[in-house]
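Chains as they are written, first to last, in our numbering: chain A, 1 to 193; chain B, 1 to 531.
Some clues are possibly wrong.
Claimed, not checked - EDC-like mimics (lysine to aspartate or glutamate), calculated; alpha carbons at most 16 Å apart, straight line: (1) B:K173 - B:E420; (2) B:K8 - B:D19; (3) A:K90 - B:E30; (4) B:K55 - B:E30; (5) B:K360 - A:D44; (6) B:K456 - B:E420.
As the list claims (entries may be wrong) - Away from chain A, derived, C-beta distances all over 10 Å, residues of chain B: (7) A9; (8) F23; (9) A52; (10) A87; (11) D243; (12) Y313; (13) R459.
No wet-lab data here; the hints were simulated from the structure. Remember, it's a predicted structure, so these values are computed and weren't measured experimentally. Glycine is no exception: its CB is placed at the ideal position from the N, C-alpha and C atoms.
This is what each chain is made of:
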Amino acid sequence: MPIPEPRAAVDPSRRHFLKIGAGFSAAIACTALFPALTGCTPADAPPQPGMAFLRPADVRMFRALLPAIAVDLAGLDAAAREARLAAALKNIDGTIAAMDQNGRTELRKLLDLLDSTPLRWAVAGVRTPWDQATPDQVRAFLARWRGSRFATLNAGGVVLVKLASVAYFVLPGTWAASGYPGPNPAVYRALHS
Amino acid sequence: MAINDLYKAGIASGWKVLDAATFTAPRLLEADVAIIGTGAGGGIAAEILSEAGLKVLLLEEGGLHTSDSFQDMDEARAYRELYQEAAARATSDGAIAILQGRSVGGSTTVNWSSSFRTPPRTLAHWASEHAVTGHGEADMAPWFARIEARLGMAPWAMDPNPNNAVLRRGCDKLGWESHVIPRNVRGCWNSGYCGFGCPVNAKQSMLVSTIPNALAHGATLVHRVRVRRLDHDGKTVRGLTGDALGVDGYTATGVTITVRARHVVVAGGAINTPALLLRSAVPDPHERIGRRTFIHPVNLSIAEMPELIEPYYGAPQSIASDEFQWRHGATGPMGYKLEVPPMFPGISAGVFNAFGDELKREMAALPHTNAMLALLRDGFVPESDGGRVRVAKDGSPVLDYDMTDYVWDGVRRAYLSMAEAQFAAGARRVRPAHLDATYYTSWPQAREAIAGLPLKPFRALLFTAHLMGGCAMSDDPARGVVDSQGRHHHLSNLFVFDGSVFPTSIGANPQLSVFALTAQNVSALKPRITG
Chain A
1 MPIPEPRAAV DPSRRHFLKI GAGFSAAIAC TALFPALTGC TPADAPPQPG
51 MAFLRPADVR MFRALLPAIA VDLAGLDAAA REARLAAALK NIDGTIAAMD
101 QNGRTELRKL LDLLDSTPLR WAVAGVRTPW DQATPDQVRA FLARWRGSRF
151 ATLNAGGVVL VKLASVAYFV LPGTWAASGY PGPNPAVYRA LHS
Chain B
1 MAINDLYKAG IASGWKVLDA ATFTAPRLLE ADVAIIGTGA GGGIAAEILS
51 EAGLKVLLLE EGGLHTSDSF QDMDEARAYR ELYQEAAARA TSDGAIAILQ
101 GRSVGGSTTV NWSSSFRTPP RTLAHWASEH AVTGHGEADM APWFARIEAR
151 LGMAPWAMDP NPNNAVLRRG CDKLGWESHV IPRNVRGCWN SGYCGFGCPV
201 NAKQSMLVST IPNALAHGAT LVHRVRVRRL DHDGKTVRGL TGDALGVDGY
251 TATGVTITVR ARHVVVAGGA INTPALLLRS AVPDPHERIG RRTFIHPVNL
301 SIAEMPELIE PYYGAPQSIA SDEFQWRHGA TGPMGYKLEV PPMFPGISAG
351 VFNAFGDELK REMAALPHTN AMLALLRDGF VPESDGGRVR VAKDGSPVLD
401 YDMTDYVWDG VRRAYLSMAE AQFAAGARRV RPAHLDATYY TSWPQAREAI
451 AGLPLKPFRA LLFTAHLMGG CAMSDDPARG VVDSQGRHHH LSNLFVFDGS
501 VFPTSIGANP QLSVFALTAQ NVSALKPRIT G
């Protein structure tokens, strides 16, 4: 399904905004870009139980993102896959929670944008809810944002991939996939003997 | 084999180490000198001033993490406990990732141990362009020598690991300059885990050297305390106010810590030091605080080598090249130093920034992967005036850093140099860490493709591990926050001893520059505040 460039592309005033916009601005999420649309989550929605930052909608999005980014998840049995997803989600949550106000605020805007059905469709080209999106659909979205001529969308595509992939590949269970044998064996053995 | 943790025995013998997370009521602490920050600047200052008999109080925002907790040699634990913002700190627009330490010992606890003297051309530039006095090459030489002896700095005597050997071989084949990196280690096991906290206390970070010595001389260390503001009347500082942080290391518990001190040393490092001065509304008539913050922007190139590299094992940095650093003097087109980073799985995923089958292939190739990096020397010409630190609504620091055409030109030339060196060293294929780059299989192909890469934030993946400036030293109060000896221009008993005083970037990994400059300036201060 061919997806048009985000609608901002046709509006010169928006282009100017996106050019100067640092990171993901509130404007793209809730105000200037789609003033008539609602759907941005209330600022005080609580995190999912067990999480410090991620809300249930954010968790759904990252659960869709992770198998699209780390394809070896597909090869695991259900229990192993669930355990690894949970561990990666916990890492993502801890990382964002540790960010200073600026980083947390920018991430919140991005995640709220991706949670809103009309905005997700219009800006990300993903029509289905995240828990129904296929890895191919998610990869098409990431490729589109990273290939866009708008720095703001590039930023989203780069930051989401970084958050998910780093959180995943620091997990010891993934080391076989990166050929990392684990802590330097001679030193580790000497320290723990 | 058990490694002596230092702190357990020290605390048992009476060291005064307080975890603010355990405070349940407000505290008032008094000292001759309060030092904010325990990294390269704070650690050196604490040792010299406590040895002089002064009552020293060290305040650290991060936690006290010691060798016992480093022995898992685990990347995720290190990022979570030892780095600013769990290693996810970035410039305000998110375009440049920032690796900066945050625990007792600051970045010295997690750096890769490279120990260079400040390049003479950098010192000469400061004297001629920034009204800096007393820090010429000859002035500094004895201070470098003193620190080198104190912290065991010497050129790495073992063979470089295969990752560093790629850089040396590439330089040798091309006739480029390269050199062995001095490292601050004693009894190094060559494990490669400097970045996660040295598990064997071999790296002579502040955590295992100057801070234990200061504690043995009666200093007090309070960790997990965030200094909110300096308390001053516009002429002198009477102390400071801080907030205790909980066991998560980030959330304030509501317990306030008040410090009264005759002298206050700010050593939070670039970004955090200027942010504290801004929060404190320190007199700044020329609006210099936070300006001219430099970062040695880093770009990278990834190579797949025929031989086994295992870029995670062995001393992480042992070879560097200055072939492109001073070609046009200090002020020509941007110079850069070539080095390699250690590549553990997490940091590798961050550098690859790929997804799907491409990421799977790149991760699987890690044992044969060499990565090369360029440290771009920013701040030496008007077209490279650095970034600016400001504070968010809640007082936390924000760094704006705009890439200029001058800097982008350096980025492109560095991509070219790295690819050329990697192919000369025998790389099968090379990919610049850039969204539009693919793997190139020959140097001519890479040269042509790199020439056409669009250089824009987020398309070129950029990093920094060296934060400098933002509270520049200059004897001209219109151009600096402090004078050449680190004395604040307006508050008589306030001093800045850290990398934030550098008027430009260094042009090399900066820890020895911070150590030596601090040792020199603290030693000049000492006779004026003792007795």
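Status of each hint after checking the structure:
1. Straight-line distance between C-alpha atoms of K173 of chain B and E420 of chain B comes to about 10 Å, which keeps the hinted pair within the 16 Å bound.
2. For the given pair, K8 of chain B sits about 14 Å from D19 of chain B by alpha-carbon distance, which is consistent with the 16 Å threshold.
3. Restraint check: the Cα-Cα separation between K90 of chain A and E30 of chain B comes to about 41 Å, which exceeds 16 Å; the hinted pair is violated.
4. For the hint linking K55 of chain B to E30 of chain B, the alpha-carbon distance of about 9 Å falls within 16 Å, and the restraint holds.
5. Under the criterion of a C-alpha separation no larger than 16 Å, the hint pairing K360 of chain B with D44 of chain A is inconsistent with the structure, at around 38 Å.
6. Using a Cα cut-off of 16 Å, the hinted pair K456 of chain B and E420 of chain B is violated, with the two alpha carbons roughly 22 Å apart.
7. For A9 of chain B, the shortest C-beta to C-beta distance to chain A comes to about 18 Å, beyond the 10 Å cut-off, and the non-interface label holds.
8. The claim that F23 of chain B is not at the interface with chain A holds, since no C-beta of that chain comes within 10 Å of its own (minimum 22 Å).
9. At roughly 36 Å from the closest C-beta of chain A, the C-beta of A52 of chain B stays outside 10 Å, upholding its exclusion from the interface.
10. Listed as a non-interface residue, A87 of chain B fails to keep its Cβ farther than 10 Å from every Cβ of chain A; the least gap is roughly 8 Å.
11. Every CB of chain A lies more than 10 Å from the CB of D243 of chain B, the least distance being 15 Å, so the non-interface label holds.
12. Its closest Cβ contact with chain A, about 5 Å, brings Y313 of chain B to no more than 10 Å, contrary to its assignment away from the interface.
13. Some Cβ of chain A comes within 10 Å of the Cβ of R459 of chain B; the nearest lies about 6 Å off, and the non-interface call is violated.
Figure legend: structure checked against the earlier numbered hints; hints not met, in rising order: 3, 5, 6, 10, 12, 13.
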